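Each chain, letter by letter, is given below.
Number of protein chains: 2
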Amino acid sequence: MSKDTEFRPKARKPRGLRDQFAGDVLARRQALEIIRSVYESYGFEPLETSAFEYADALGKFLPDADRPNEGVFALQDDDEQWLALRYDLTAPLARLAAEHFDALPKPFRRYQFGPVWRNEKPGPGRFREFFQFDVDTVGAATMAADAELCMVLADALEALGIARGDYRVRVNNRKILTGVLETIGADDAHTRLIILRAIDKLDRLGMEGVRLLLGPGREDESGDFTKGANLAPEQIARVTGFLAAGDADRAKVCGALRDLVGASPIGLEGVAELQEIDALLTAGGFGPDQVVFDPSVVRGLDYYTGPVIEAELTFEVHDETGRKVQFGSVAGGGRYDDLVQRFRGVLVPATGVSIGVDRLLAALALLRGAKPAPAPRGPVVVLMLDKTRAADYQAMVMELRRAGIRAELYLGGSGMRAQVKYADKRNAPVAVIAGGDEFAAGEVTLKDLVLGDQLSKDIKDNAAWREDQPAQQAVPRANLVAAVREILAREHHQG
Amino acid sequence: MSKDTEFRPKARKPRGLRDQFAGDVLARRQALEIIRSVYESYGFEPLETSAFEYADALGKFLPDADRPNEGVFALQDDDEQWLALRYDLTAPLARLAAEHFDALPKPFRRYQFGPVWRNEKPGPGRFREFFQFDVDTVGAATMAADAELCMVLADALEALGIARGDYRVRVNNRKILTGVLETIGADDAHTRLIILRAIDKLDRLGMEGVRLLLGPGREDESGDFTKGANLAPEQIARVTGFLAAGDADRAKVCGALRDLVGASPIGLEGVAELQEIDALLTAGGFGPDQVVFDPSVVRGLDYYTGPVIEAELTFEVHDETGRKVQFGSVAGGGRYDDLVQRFRGVLVPATGVSIGVDRLLAALALLRGAKPAPAPRGPVVVLMLDKTRAADYQAMVMELRRAGIRAELYLGGSGMRAQVKYADKRNAPVAVIAGGDEFAAGEVTLKDLVLGDQLSKDIKDNAAWREDQPAQQAVPRANLVAAVREILAREHHQG
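First to last, the protein sequences are chains A and B. The first sequence begins at 236 in the numbering used here and counts up by one. The second sequence begins at 236 in the numbering used here and counts up by one.
Treat the hints loosely; a few may be bogus.
Copies of one chain are not kept apart here, so a pair can be met inside one copy or by any two copies together.
[Claimed, not checked] List time: in silico DSS-like cross-link candidates among lysine-lysine, alpha-carbon distance up to 30 Å: (1) Lys487 / Lys622; (2) Lys245 / Lys341; (3) Lys462 / Lys356; (4) Lys341 / Lys487; (5) Lys660 / Lys341; (6) Lys248 / Lys356; (7) Lys692 / Lys356; (8) Lys656 / Lys341; (9) Lys660 / Lys622.
Keep in mind that the hints were calculated from the coordinates and are not lab data. In this text, all values refer to a predicted model and were calculated from it rather than measured experimentally.
Throw the hints in and build the complete structure from the sequences for me.
Here you go:
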């Protein structure tokens with residue numbers, strides 16, 4: 236059957252894609268369970284859409300507005316229509332909400348976890364397939380929905396073991412920025428976009444860099460020049476004053492912002508919304524050590540229409556150059572009242588946030604310390620020393636499983652030494668050994684691999700240890716399950 | 236921001252794709268947890284590969300060998316290389332095993348769950364995205380690996396609540412068929428393929444139909460003619476004798492097969508392998524009411540090299556025409572020793588099975604009875620009757636969550652009647668109601684929606700019921716959590 240193997244493909248993955256082994260999968264599963272139980276405690280229900288959507292349903296909502304419709308994996312269906320893999324979980328929700336609008340409970344509250352795909356240049360830690368865990372409410376105009384997103388994010392991060400003080404949920408309102416731009420007469424769509432982009436670079440360029448981008452433009456280290464918004468100095472002062480209005484005291488921020496928006500109706504509306512969110516957060520018991528108001532949060536996406544939310548981790552890590560920086564954003568979102576309207580023509584208020592699961596897991600690994608996650612505990616391994624005894628080994632392994640003990644039969648073709656090595660590599664707690672002597676005596680030998688590992692670390696004199704072999708014991712065959720259970724219950728197996 | 240909505244895309248899914256709502260997602264999650272715990276008890280570990288592979292790495296192993304490289308979703312990467320979404324979880328495992336061969340424990344035992352994509356014509360119950368749950372051992376030549384697959388499948392089906400007798404794991408060995416074809420001189424590749432396909436249609440056409448396809452060919456009801464293998468009557472008799480050799484007694488099947496393969500070395504090898512599997516199954520305690528040997532199992536895929544396995548559900552259901560039929564196959568697989576060799580040039584023995592999760596879930600739903608799965612219990616819903624009291628409602632809902640009770644605040648804009656309706660649609664157990672009277676009295680009203688539902692079914696005289704409202708009670712605000720907990724603990728809430 237393998238006659239035509241003249242062509243031998245190279246075994247390799249496409250760029251920017253990953254294989255995830257047991258440790259990764261288990262760490263992610265554990266985090267997902269925790270997030271899910273928090274989402275569910277808030278009344279959200281699971282939903283899954285498929286990987287593909289019609290390209291026109293996804294729309295031009297990619298973060299990089301310069302290249303609409305690029306950045307996705309798209310292909311033509313048999314009927315010539317263009318399909319694309321979802322690049323986030325928000326666009327499919329908008330399509331679904333429009334398609335099933337009449338049948339859905341209103342508001343419709345769902346969570347969804349899954350991979351999304353972006354056909355962008357991969358880099359260290361940047362993949363073309365990555366995971367998001369979204370929570371959204373469709374059909375709720377009330378700020379209570381947005382306040383709840385702040386709460387559910389804070390609760391999820393704390394449930395994951397991130398201490399209060401090591402994270403911060405930052406909230407702003409697009410309407411306020413619009414109001415500020417109105418008051419300075421810089422609210423045409425083009426100028427607005429340049430200003431949004433400039434603000435989005437605050438983290439990277441600092442206030443001075445943003446000031447240049449708001450004014451004449453900025454030349455970077457490599458000599459490239461980015462055109463600015465050409466605002467006048469007093470206009471720039473108003474924008475930077477807005478950006479700097481963040482404070483631990485949410486009510487104080489609201490006051491400062493009200494001054495900045497002047498008489499702009501949309502600006503005042505935005506401030507009133509933040510005040511409403513503040514009252515709800517306070518009633519829910521969420522203090523400024525959990526959720527703050529920060530006007531410098533704008534979010535890259537163009538589609539937000541009201542509150543925007545970002546969760547960032549504030550503990551310090553070293554960047555590529557060895558400099559200490561804050562870990563940064565792990566979740567974000569906001570209100571997108573227009574997105575369902577694209578399909579239905581009527582306005583359907585909606586708001587949601589998305590956790591970037593890969594970044595979050597990287598953060599959790601860092602918080603656990605520099606050391607890698609402990610390898611998951613493997614199964615008990617029953618060695619196969621005598622192939623003619625396969626049925627006897629099979630009976631042992633099945634006895635262990637039936638007793639609720641994870642167990643496997645060694646299925647390779649190697650000798651005893653390699654089999655014990657295999658059990659070690661599998662992180663097995665116990666190896667079950669039965670050769671001719673054991674069968675003759677009606678016994679099995681149990682090797683405690685965790686204790687053995689400790690002893691071989693403790694005892695320098697390996698020769699002496701080999702003779703003692705305190706980690707090894709013979710027990711009657713009939714006591715197999717009880718004896719294995721006893722070893723598993725020992726203290727050193729708790730880790 | 237919604238100025239340019241002149242183009243209004245239709246909200247619809249591409250053909251053959253699904254949205255899965257809470258009930259579906261929860262039912263699948265529950266089944267997956269059970270299967271996973273069985274897989275893990277056997278020592279298998281999780282693995283996840285990405286959705287894409289290089290098309291050449293996937294190879295031409297689609298079930299429909301007439302259209303190699305068709306049937307997948309493929310697209311060209313920026314560097315012109317062809318990528319394709321995985322159409323199963325076996326091909327990516329072969330690529331991964333070849334790529335990481337030196338680093339992997341040998342044998343390498345993994346399970347993987349996930350969507351696969353086939354660009355085929357969708358139909359009722361046939362989707363272009365569907366879910367598989369695979370378990371494989373790479374690097375094990377021993378039949379103990381294949382025997383284990385039979386056991387893990389039987390254990391998984393029973394753990395899912397499928398009674399012994401309602402399922403059957405059927406096992407065959409490709410080598411035996413090869414041996415039979417050798418003995419009758421019909422083992423050239425072309426004839427072999429025609430015969431394999433004929434056998435694969437046994438379920439649908441019956442023995443007489445297969446006999447025609449092995450001989451001169453067959454005309455179907457519509458007048459279409461399928462060419463046959465043109466075997467002579469005595470050759471056909473040998474093949475149909477082979478197909479009919481299945482029996483509840485595994486040893487008896489082995490005996491009959493040995494007679495049928497004559498002196499063919501590969502045939503005898505295949506029979507010896509089945510005998511080995513029989514001994515291991517018996518040692519593991521798996522009787523003929525769980526695993527049988529059935530030569531009519533061939534599996535459609537061309538790449539199997541030894542034992543092939545199929546799990547079928549034997550209880551009867553009605554087909555589209557109202558006829559009673561057995562539910563059929565929900566899992567299958569076998570040994571594919573050549574698949575990793577494609578990449579590495581050296582033979583790497585491997586064997587695995589795949590559960591078709593969507594079909595399995597359909598079967599579980601049927602077993603539960605014709606009635607749909609009970610809607611998952613929703614959260615407690617706190618109504619928002621007075622928007623100026625939003626903070627008070629927020630405090631209530633958060634108090635419930637902090638006490639471990641799933642709860643949500645009503646976030647829509649409707650009046651009380653619609654809010655209670657919403658709570659019903661959400662399958663909420665309790666609605667928390669607080670209007671002006673309650674706030675004045677320092678109370679909340681709790682509406683037991685489960686009891687209310689029962690009462691409204693029991694009591695014909697709705698007018699009388701409305702006056703009594705036994706499902707509704709006022710409690711002091713301070714007792715909110717305790718009183719809700721009491722309602723949730725009531726017997727009628729157990730369902």
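Is the C-alpha distance from Lys248 to Lys356 at most 30 Å within one copy, between copies, in both cases, or in neither? For Lys248 and Lys356, both the intra-copy (15 Å) and inter-copy (28 Å) Cα distances are at most 30 Å.
Quick one: Lys487 to Lys622, C-alpha cut-off 30 Å, is that within a copy, between copies, both, or neither? between (77 Å within a copy, 24 Å between copies)
My question is about Lys660 and Lys341: at a cut-off of 30 Å on alpha-carbon distance, are they close within one copy, between copies, both, or neither? Between copies only: 9 Å across, 52 Å inside.
As a check of your reading, is Lys341 near Lys487 (CA-CA no more than 30 Å) within one copy, between copies, both or neither? Close neither inside one copy (35 Å) nor across copies (63 Å); limit 30 Å.
Should Lys660 paired with Lys622 be assigned to within, between, both, or neither, using CA atoms and 30 Å as the limit? Within. Shortest intra-copy distance 22 Å satisfies the 30 Å Cα cut-off; inter-copy 61 Å does not.
From the Cα coordinates, with 30 Å as the cut-off, is the pair Lys692 and Lys356 best called within, between, both, or neither? Result: close neither inside a copy nor across copies, 45 Å intra and 60 Å inter.
Can you give me the call for Lys462 and Lys356, within, between, both or neither, at a CA distance of at most 30 Å? within (24 Å within a copy, 51 Å between copies)
Copy assignment of Lys245 with Lys341, given that the CA separation must stay at most 30 Å: between (52 Å within a copy, 21 Å between copies)
Evaluate Lys656 and Lys341 at a C-alpha cut-off of 30 Å and name the case that applies: within, between, both or neither. Between copies only: 10 Å across, 58 Å inside.
Violated hints, in rising order: 4, 7; the structure is consistent with all others.
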